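*Asks:* What follows is the residue order along each chain.
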Amino acid sequence: MKLSADGLILGLIGCLSAAAFLVVATGSSQTYRREPMGRDFQSAVGGLGLGCQIDPSRCAWQFDPRIGDDEEPGLDSIPCLSELSPWHSAALFPAPDGAPADGGE
Amino acid sequence: MAWLQVALTGVTALRLHPWRSVATTACVVAALAPYLAGLGICGGIARESSEAIEEGADLYVTGMQFGRHVPVPLAAATELADLPGVVKVVPRIVGKLAIGADRHTALVVGMPPEEVPAEASFVSGELFGATDANELIVGGELAARLRLQVGSQVPPFYSNRKGERVSKVVGIFSPAAPLWQANLIFTSFDTAARLFDQPALATEMLVYCRAGSEEELAAAIRRKLHRIADDGSRFDVRVSGRDAARALWTAAAAHRDGLFHLHCLLAVSTGILTVLVTSGFGGTERRQEVGILKTIGWRTDEILFRNVTEGLLLTLAGASLAVLVAWLWLDVFNGWAIANLFVPGLSWRPHVRVPFALTPLPVVLAGLLAWVLVTSGSLYTTWRTAMTPPASVLRSAG
Numbered sequence: 001m002k003l004s005a006d007g008l009i010l011g012l013i014g015c016l017s018a019a020a021f022l023v024v025a026t027g028s029s030q031t032y033r034r035e036p037m038g039r040d041f042q043s044a045v046g047g048l049g050l051g052c053q054i055d056p057s058r059c060a061w062q063f064d065p066r067i068g069d070d071e072e073p074g075l076d077s078i079p080c081l082s083e084l085s086p087w088h089s090a091a092l093f094p095a096p097d098g099a100p101a102d103g104g105e
Numbered sequence: 001m002a003w004l005q006v007a008l009t010g011v012t013a014l015r016l017h018p019w020r021s022v023a024t025t026a027c028v029v030a031a032l033a034p035y036l037a038g039l040g041i042c043g044g045i046a047r048e049s050s051e052a053i054e055e056g057a058d059l060y061v062t063g064m065q066f067g068r069h070v071p072v073p074l075a076a077a078t079e080l081a082d083l084p085g086v087v088k089v090v091p092r093i094v095g096k097l098a099i100g101a102d103r104h105t106a107l108v109v110g111m112p113p114e115e116v117p118a119e120a121s122f123v124s125g126e127l128f129g130a131t132d133a134n135e136l137i138v139g140g141e142l143a144a145r146l147r148l149q150v151g152s153q154v155p156p157f158y159s160n161r162k163g164e165r166v167s168k169v170v171g172i173f174s175p176a177a178p179l180w181q182a183n184l185i186f187t188s189f190d191t192a193a194r195l196f197d198q199p200a201l202a203t204e205m206l207v208y209c210r211a212g213s214e215e216e217l218a219a220a221i222r223r224k225l226h227r228i229a230d231d232g233s234r235f236d237v238r239v240s241g242r243d244a245a246r247a248l249w250t251a252a253a254a255h256r257d258g259l260f261h262l263h264c265l266l267a268v269s270t271g272i273l274t275v276l277v278t279s280g281f282g283g284t285e286r287r288q289e290v291g292i293l294k295t296i297g298w299r300t301d302e303i304l305f306r307n308v309t310e311g312l313l314l315t316l317a318g319a320s321l322a323v324l325v326a327w328l329w330l331d332v333f334n335g336w337a338i339a340n341l342f343v344p345g346l347s348w349r350p351h352v353r354v355p356f357a358l359t360p361l362p363v364v365l366a367g368l369l370a371w372v373l374v375t376s377g378s379l380y381t382t383w384r385t386a387m388t389p390p391a392s393v394l395r396s397a398g
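Chains as they are written, first to last, in my numbering: chain X, 1 to 105; chain S, 1 to 398.
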């Protein structure tokens, strides 16, 4: 009886681990599943969006650095950690250093 | 074989203290699930961004004055097309407009209709045509906020010297289209020019060129379009290409500060509870258990091994559950109440499919973090107790 109860726990943990492994190993990703649609969209709009903003009204740079000005809202700080812009929770791009990536001549 | 039997008693320990096991597993899930979900969203955006780089133009040409972007005259398209190596030049308008009674910000993108494929899987409804009517394709979030459907008529929301017209919604972006469609109004170049009342300007020129000629062409474009007008005003251009975007992308990997800090903070604060459960609240039980095991002849290393096995199993259960919860949260529930933390502007219940990618590395790191949290609380207590004579341990444990 004792062995079967232990076996049940081990089996349950094994099943959970296998399910988690499957989720990660199959590359469970919305992005993969909708790749053709993403390609069509990007090709139609000429390449748009390259960051975590869904429109450039808060920070054009985080929407798409190719079209955005290098403006930056003020930074908030998290105690004991580095600074964090309130609009850049998942900041994918470093804040611009004041100069565009390619400033022209 | 003896060690296997000792390990199996680790399983028994889980069963003997069910509430301790459940509480520890719940703490691990609470700490790791939001962390994994956040990393998943970040990974999804990263993949879609990479698609935006690869499927976009080879070069983006915008005007520069006072260190800021300015539009490019449409006449520049002809000048650009004459440069050697250029395959195609497409003018594009990207701008912001307020729409609706609540003045929602819409991102207007105008492209020549001939550059948009006739069949578009990313739109429910139709694509705009090369007509004089204002035909619009609207993003999912914007359509939901303005209650727009295919066929809806939109009263004039712009001003134009030649007069304003009612616009028609001919399509709504599919929820599964990339994230940046959320607040988009996609229309023909002429319609976009009408909406902004800018008939002779494009915000950028998309230049498609022969492979390998990008750098040379970028330099040629800067030389060709740079000019000083008769009144002395200076016009420069900014040319950015795939390499610049890819370089930014590489730097971006090291700058996910916000995401990591926020979730590490959460993980550590919940982790403290885990340690309390495994070491503090369950301390008396554990001391009693160790005292009894020592009395019946268990060695310290065997007790520690039993403890490590118990911790490992709890970690495995907690981390696996956290992965499954994160996956359900993102896939089935579309990142409700978490996607808007990572993608500002999305509603708490997003009307677009939130991209995500659960990759092995963060999952393995999360598992390691969970193991450290679970075992660090109990291992030291167990070792200290195991080193004390059993009689005094049992006396102090009551």
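A couple of the hints might just be wrong.
[As the list claims (entries may be wrong)] Covered stretches of chain X, as calculated for chain S (at least 3 residues, CB under 8 Å): (1) 6-20; (2) 38-45; (3) 53-64.
[Unchecked claim] Across the chosen pairs, the derived CB separations fall in these ranges: (4) S:I292 to X:G14: 47 to 55 Å; (5) S:A98 to X:P36: 48 to 56 Å; (6) X:P36 to S:V87: 21 to 29 Å.
Hints in this document: simulated from the structure, not taken from any laboratory. Treat the numbers as computed from the prediction; the structure is a model and nothing was measured. Glycine is no exception: its CB is placed at the ideal position from the N, C-alpha and C atoms.
*Asks:* Run every hint past the structure and note whether it holds.
*Replies:* Now the hints, each set against the structure:
1. 6-20: holds (count 9)
2. 38-45: Holds: 8 residues of the region 38-45 of chain X have a Cβ under 8 Å from chain S.
3. 53-64: holds (count 8)
4. S:I292 to X:G14: 47 to 55 Å: 29 Å, violated
5. S:A98 to X:P36: 48 to 56 Å: 34 Å, violated
6. X:P36 to S:V87: 21 to 29 Å: 23 Å, holds
The structure is inconsistent with the numbered hints 4, 5, although it conforms to all the rest.
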